[in-house]
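These are the residues of each chain, in order.
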Amino acid sequence: MAEALVTAPSKPKIQIVPLRGLPVVAVVIAGLVAAIATNKLWALDFYHVVGGGMWTALDLFLGLVIGPILARMSVQARMEFSARFMPKMLLIMPTLVTMTLASGWQLARLVGVLDLTYPQRWWVNASFIVVGVMAVIAIGILEPANIAVLFEMRKPHPDGEIIARLMRRFIYTAGITGVMQIATLIIMTRLASL
Amino acid sequence: MRRLPPIAEIAVAAMALIIVGGITVASRLPRPAPLPVLVALVAVAALLVLADVVLVSRLHDFAWPVFFRVAKWSALAYAVMYGILEFTFVYDHVHGYTLVMLTLMLVIIAVDIPLLFGFSVARYAEAGSE
Chain C
-6 MAEALVTAPS
4 KPKIQIVPLR
14 GLPVVAVVIA
24 GLVAAIATNK
34 LWALDFYHVV
44 GGGMWTALDL
54 FLGLVIGPIL
64 ARMSVQARME
74 FSARFMPKML
84 LIMPTLVTMT
94 LASGWQLARL
104 VGVLDLTYPQ
114 RWWVNASFIV
124 VGVMAVIAIG
134 ILEPANIAVL
144 FEMRKPHPDG
154 EIIARLMRRF
164 IYTAGITGVM
174 QIATLIIMTR
184 LASL
Chain B
52 MRRLPPIAEI
62 AVAAMALIIV
72 GGITVASRLP
82 RPAPLPVLVA
92 LVAVAALLVL
102 ADVVLVSRLH
112 DFAWPVFFRV
122 AKWSALAYAV
132 MYGILEFTFV
142 YDHVHGYTLV
152 MLTLMLVIIA
162 VDIPLLFGFS
172 VARYAEAGSE
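Protein chains in written order, with the numbering used here: chain C, -6 to 187; chain B, 52 to 181.
If we strip away everything but chain C, and leave its shape as in the complex, we get (with noise of 0.2 Å):
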């Protein structure tokens, strides 16, 4: 009985996206547009450095400390984790990234950031720049990898080599924005102290 435990053990239930966040999000997102609308610095400044803030220390601390040790974990253990975490990650990352860059730009517009003249007007083109690459990989490699993944896992019989190959797409992208983010930090704390 120990034995068949061990040797197979029991798939995760995996749910693509979890329901019981959505609330939580749209509460989020209703905040982010009231915060527009009314154009209140207080608020603006809130999302900017609240979403911003955890959007650098997920992306860091995915890509330096969980994505190493992922890396180095058996696929079966991979997925066990993959199974309770991206699903998490699906909801939190696309949140925190509208609510950081939405209350930025307009926080931006509102503190005249965005009337700097050059050479300080290039702090703000180098973020734009890192945001736009950032943005090319979470959404173009490691987002659809991320939702492969989760499907790969709810098959009756998943492909380990399928979940491996996406899985070590997943660890080196988390990487790079992980890397990027530092850049980010570069930037922001420049610009805030111009």
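These are calculated hints, taken from the structure and not from any lab test. Treat the hints with care, as some may be off.
A few chain B residues that face chain C, going by a derived Cβ cut-off under 7 Å, partial list only [as the list claims (entries may be wrong)]: (1) V63; (2) I74; (3) S78; (4) T139; (5) F168.
Restricting the straight-line Cα-Cα distance to at most 27 Å, the calculated cross-link-like pairs of lysine-lysine (DSSO-like) are [as the list claims (entries may be wrong)]: (6) C/K148 with C/K6; (7) B/K123 with C/K148; (8) C/K81 with B/K123; (9) C/K148 with C/K81; (10) C/K6 with B/K123; (11) C/K81 with C/K6.
Pairwise CB distance ranges, derived in the manner of DEER restraints [said to hold, decoys possible]: (12) C/A64 with B/P56: 24 to 32 Å; (13) C/N118 with B/P87: 16 to 24 Å; (14) B/E60 with C/A70: 25 to 33 Å; (15) C/L34 with B/Y148: 28 to 36 Å; (16) B/V90 with C/A19: 32 to 40 Å; (17) B/H111 with C/D152: 15 to 23 Å; (18) B/F119 with C/A185: 42 to 50 Å; (19) C/P149 with B/A91: 45 to 53 Å; (20) C/V68 with B/P85: 47 to 55 Å; (21) C/V10 with B/P56: 24 to 32 Å; (22) B/W124 with C/L184: 29 to 37 Å; (23) B/Y148 with C/Q113: 23 to 31 Å.
Every residue gets a Cβ at the ideal spot worked out from N, C-alpha and C, and that includes glycine.
Based on these hints, arrange chain B on the given structure of chain C.
Then chain B, alone, in the frame of chain C:
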């Protein structure tokens, strides 16, 4: 695993062009970005997405139910994001050709990303599976 056309790669290339267009607009504000550059970026991105739609539609033995399920929900999720972006543009009095080009970029991305997500999942699913 069977070889498929480079649909994901084309979708990522189209997305990259749209993002370059967005950066071009943002980096010039409050002045307008050069229209020919924006038109060129949007046109090439639109052609790439169109090519992708054609390539996907010609796939045989493909898990269409899975493709449409993922694409449909991705489209809904990203529509919320693009809705907020469009709301911000209009709210900030972005007007003229800049608004038209930004809206076109959002429309292209709104087709591109669901297609990319749907394809990325359906390519690993068995044809006809739900």
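Okay, the hints, checked on the actual structure:
1. V63: holds (4 Å)
2. I74: holds (5 Å)
3. S78: Holds, about 5 Å.
4. T139: Status holds, d = 6 Å.
5. F168: With a minimum Cβ separation of about 6 Å from chain C (threshold 7 Å), the hint on B/F168 holds.
6. C/K148 with C/K6: holds (10 Å)
7. B/K123 with C/K148: Given pair B/K123, C/K148 holds - Cα atoms ~20 Å apart, limit 27 Å.
8. C/K81 with B/K123: holds (20 Å)
9. C/K148 with C/K81: holds (19 Å)
10. C/K6 with B/K123: holds (23 Å)
11. C/K81 with C/K6: The hint holds at about 14 Å.
12. C/A64 with B/P56: 24 to 32 Å: About 30 Å separates the Cβ atoms of C/A64 and B/P56, which means 24 to 32 Å holds.
13. C/N118 with B/P87: 16 to 24 Å: Between C/N118 and B/P87, where Cβ atoms are some 20 Å apart, the hint holds.
14. B/E60 with C/A70: 25 to 33 Å: Once the Cβ atoms are compared, 31 Å apart, the range 25 to 33 Å for C/A70 and B/E60 holds.
15. C/L34 with B/Y148: 28 to 36 Å: At 31 Å between Cβs, range holds.
16. B/V90 with C/A19: 32 to 40 Å: The hint (32 to 40 Å, Cβ to Cβ) holds, given that B/V90 and C/A19 are roughly 37 Å apart.
17. B/H111 with C/D152: 15 to 23 Å: This hint holds: roughly 21 Å between Cβ atoms.
18. B/F119 with C/A185: 42 to 50 Å: holds (45 Å)
19. C/P149 with B/A91: 45 to 53 Å: Roughly 48 Å apart at Cβ, these two residues keep to the hinted range, so it holds.
20. C/V68 with B/P85: 47 to 55 Å: holds (50 Å)
21. C/V10 with B/P56: 24 to 32 Å: Between C/V10 and B/P56, where Cβ atoms are some 29 Å apart, the hint holds.
22. B/W124 with C/L184: 29 to 37 Å: holds (36 Å)
23. B/Y148 with C/Q113: 23 to 31 Å: Given a distance of about 27 Å, which is inside 23 to 31 Å, the answer is holds.
Of the numbered hints listed earlier, not one is contradicted by the structure.
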